[in-house]
Amino acid sequence: MVTKTLREVRDAVEVPRIDHVDFAARTRRLRRRRRVLQALGAGAAVAAVVGAVALPTVLRAPDAIVATPVPEGGVPVVLDGAIRWAHSDGTVTDTERSGAPVGVLDGELVSLDEGVLTGPGLRAEDVRAAYVAPDGVTYQDADGTIHPSGDRPPVAAEGRLVAAGDDTYVTQQTGTLTLHTEAGTYGLDTGSDGARSSPSAVEVGADVVMVAAGGVVHFFDDEGARTGGFLGGLTGALSPDGGTYAYAPDEQERARGMRPGLAFYDVGTDRTQRVRLDGAALDLAWVGDRLVVLTQRGDERVLTQCRGTSCGELLTDATGTLSLQ
Amino acid sequence: MTFEEFMAARWASLYRFAYVLVGDHFRAEDLLQEAMARTCVRWRSIRDKGAAEAYVRRAMVRQASRAWRRRDRETLVGQPPDVVQVGNVAEAADRQAVWDEVRRLPPRMRAALVLRYLEGMSEAEAAEALGVGVGSIKSQTHHALKRLRAAMTEVEIVL
Numbered sequence: 001m002v003t004k005t006l007r008e009v010r011d012a013v014e015v016p017r018i019d020h021v022d023f024a025a026r027t028r029r030l031r032r033r034r035r036v037l038q039a040l041g042a043g044a045a046v047a048a049v050v051g052a053v054a055l056p057t058v059l060r061a062p063d064a065i066v067a068t069p070v071p072e073g074g075v076p077v078v079l080d081g082a083i084r085w086a087h088s089d090g091t092v093t094d095t096e097r098s099g100a101p102v103g104v105l106d107g108e109l110v111s112l113d114e115g116v117l118t119g120p121g122l123r124a125e126d127v128r129a130a131y132v133a134p135d136g137v138t139y140q141d142a143d144g145t146i147h148p149s150g151d152r153p154p155v156a157a158e159g160r161l162v163a164a165g166d167d168t169y170v171t172q173q174t175g176t177l178t179l180h181t182e183a184g185t186y187g188l189d190t191g192s193d194g195a196r197s198s199p200s201a202v203e204v205g206a207d208v209v210m211v212a213a214g215g216v217v218h219f220f221d222d223e224g225a226r227t228g229g230f231l232g233g234l235t236g237a238l239s240p241d242g243g244t245y246a247y248a249p250d251e252q253e254r255a256r257g258m259r260p261g262l263a264f265y266d267v268g269t270d271r272t273q274r275v276r277l278d279g280a281a282l283d284l285a286w287v288g289d290r291l292v293v294l295t296q297r298g299d300e301r302v303l304t305q306c307r308g309t310s311c312g313e314l315l316t317d318a319t320g321t322l323s324l325q
Numbered sequence: 001m002t003f004e005e006f007m008a009a010r011w012a013s014l015y016r017f018a019y020v021l022v023g024d025h026f027r028a029e030d031l032l033q034e035a036m037a038r039t040c041v042r043w044r045s046i047r048d049k050g051a052a053e054a055y056v057r058r059a060m061v062r063q064a065s066r067a068w069r070r071r072d073r074e075t076l077v078g079q080p081p082d083v084v085q086v087g088n089v090a091e092a093a094d095r096q097a098v099w100d101e102v103r104r105l106p107p108r109m110r111a112a113l114v115l116r117y118l119e120g121m122s123e124a125e126a127a128e129a130l131g132v133g134v135g136s137i138k139s140q141t142h143h144a145l146k147r148l149r150a151a152m153t154e155v156e157i158v159l
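Residue numbers (this note's numbering), protein chains in the order written: chain A, 1 to 325; chain B, 1 to 159.
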């Protein structure tokens with residue numbers, strides 16, 4: 001009965017012609033949105049690391065909100081203790097900001113420096129964690145209050161903010177992760193047999209949540225349902241659109257014999273593509289649809305940039321202090 | 001394959017899928033246009049073009065699921081029934097009743113039913129198409145049929 005009914009309905013459906021005007025308007029809107037995403041700087045992946053560190057309350061604050069526009073193709077990095085732009089031609093310039101880059105919003109740098117969050121039209125003190133998404137910044141005060149992006153009111157939270165996206169964020173309380181969306185809250189269970197593993201990384205990309213815990217990378221949908229995962233690959237970054245998780249072995253994983261190289265895992269199709277990458281991975285971050293990977297080679301640190309699976313080295317830091325956080 | 005070729009070739013099939021998913025022409029077209037636009041802007045980055053149709057289906061299911069949650073429950077629109085009246089009157093009435101109940105199901109359950117019992121996919125194929133685990137498909141299908149049975153006490157559910 002079900003099959004027959006569905007077939008009858010399907011076959012009886014009158015298919016309209018494609019509305020090309022409406023379609024063109026939608027693609028223009030989405031492309032505009034993607035351009036914002038592509039200016040996201042080190043974006044969500046960098047922010048995830050920033051958020052994992054509990055920062056002290058304000059010690060030194062900038063005098064005013066300072067706009068720091070993102071140069072074309074620039075990636076915010078930390079070098080010699082200051083936030084700088086790494087350019088696609090291999091050069092580095094100053095941002096005149098210190099602390100840690102959180103990401104880029106509306107073409108301007110968002111940074112967190114000793115509890116002071118600074119960004120376009122934004123200055124907040126006593127901030128302990130912050131994340132940038134295309135629609136705004138989600139941050140948590142030292143007293144635990146979470147300020148979601150957009151026009152949503154502050155929320156008193158018991159847990160610690162560990163990741164955030166456009167209209168979602170994740171909190172952690174005593175090893176338990178909770179996904180908060182407009183539709184409700186959902187527990188993120190990383191234990192296969194009911195046991196919980198302490199998460200080492202959490203990231204949100206669109207309607208996908210990545211959790212690294214207990215040596216396993218897990219993926220969840222926006223209702224908290226686990227959709228997939230694999231062993232290893234803990235040093236990685238989820239793309240802002242939630243479509244790709246890029247990862248590479250760090251020194252410990254290399255020592256344990258993990259397959260070398262940079263892997264691009266397609267979250268939707270469960271397929272992986274690999275490209276050559278020398279050195280041990282330290283950190284990865286997405287810059288829109290570009291990926292930047294920081295590796296350690298002897299005493300030097302090397303920043304590599306990839307478009308798709310085409311990768312090239314951006315710069316080499318002989319001081320060994322370069323970081324993405 | 002260009003995106004335009006893909007869209008022209010798969011529009012009708014995907015529209016029918018969208019309609020069965022949401023049970024309404026306006027929303028079906030809106031859902032498909034949005035999913036197609038999203039696919040269009042990502043077209044160059046979709047390495048396996050053969051997976052594009054699955055990507056569009058999954059995007060529609062997720063979008064429909066979000067819209068459904070925002071509305072809490074869907075309300076049936078007051079348009080005439082779409083089930084073609086063939087066979088005897090009683091059988092047609094039963095099918096209409098089944099379709100009305102199908103339209104009340106949450107999109108993920110409806111999607112699982114559509115893929116399994118309309119598209120004829122295996123559980124593994126349906127799971128891949130929707131980007132979920134096989135267990136999720138089993139569960140969604142089970143609960144969908146359970147709801148249909150509960151709501152359709154007078155109609156025998158025969159797959």
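Hints may contain errors.
Said to hold, decoys possible - Ranges of calculated distance between the beta carbons of each label pair, as one might list FRET restraints:
(1) A:Ala24 / B:Arg104: 33 to 43 Å
(2) B:Ala12 / A:Asp266: 23 to 33 Å
(3) B:Met1 / A:Asp270: 16 to 26 Å
(4) B:Ala8 / A:Arg7: 22 to 32 Å
(5) B:Glu4 / A:Thr321: 47 to 57 Å
(6) B:Arg104 / A:Ala255: 52 to 62 Å
(7) A:Val21 / B:Trp43: 53 to 63 Å
(8) A:Asp270 / B:Trp43: 47 to 57 Å
(9) B:Glu125 / A:His87: 45 to 55 Å
(10) A:Glu96 / B:Ala12: 32 to 42 Å
(11) B:Ala150 / A:Gln173: 52 to 62 Å
(12) A:Leu231 / B:Ala93: 31 to 41 Å
(13) A:Gly308 / B:Met1: 47 to 57 Å
No lab work stands behind these hints: they were computed from the structure. Built from N, CA and C at the ideal position, the CB exists for glycine as well.
- prompt: Which of the stated hints cannot be reconciled with the structure, identified by number in ascending sequence?
  reply: The structure conflicts with hints 7, 8, 10, 11, 12, 13, although it agrees with all the remaining ones.
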